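Visitor: Sequence:
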Amino acid sequence: SPSRNAFYPSSMKSEYMRAGTWPDDAVVATEEEWREYGAKRPPSGMQRGPDDHGRPGWVAIPDIPLDQLAKQKLSEINAAANKALADIRRDYPQFEIDTWGDQEREARAWAADNSVETPTLSGIAAERGVTVAELAPKVITKANIYRPMATAVIGKRQRLEDVIKAAQEAEDRDAIEAISW
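The opening position of the sequence shown corresponds to residue 29 in my numbering, with each subsequent residue numbered one higher.
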């Protein structure tokens, strides 16, 4: 059946007819057509489909819609961005990473005025058995190392997202497909 892109065994036609599922456009496929298009895997980049005369054949797999391609490419870029920072972040549990912003703000505030309250740093320092005076410079050093790496990855990810959007607006499939991390 060209419309359903499927083979139906003629030996079961009466059952299909009773069920109301026998296609109106069914054609009798030859044994050779069944062996080639029903039992074999399609060549790379091809799928089974009707030819111009409704006979089974190999047809090119159609391109995915442009908006779907753009979403797929953005997903690839986001995965690459996550991977780029994963080596740095993998040594820390997520709950600790979630406090990095608080730790840095408190450490910088404390460095400017050691009388400010530092609830996050104070709690960490107490459990580590160190002082905030010892901990704050370490936090600032790590933040100073991490920030340029993270911002470079963020900037690259955002630039590529902008390129994807521009190519999508221009309906430039080749440009989207060419984008890589």
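Careful, some of the hints might be misleading.
Computed list of lysine to aspartate or glutamate pairs in EDC-like fashion (alpha-carbon distance at most 20 angstroms, straight line) [unchecked claim]:
(1) Lys41 <-> Asp53
(2) Lys193 <-> Glu205
(3) Lys166 <-> Glu205
The hints are simulated quantities; they were obtained by calculation from the structure and are not laboratory data.
None of the values given here were measured: they were computed from a predicted structure.
Visitor: Hint by hint, say whether it matches the structure.
Guide: Results for each hint:
no.	hint	result
1	Lys41 <-> Asp53	holds, 13 angstroms
2	Lys193 <-> Glu205	holds, 12 angstroms
3	Lys166 <-> Glu205	violated, 43 angstroms
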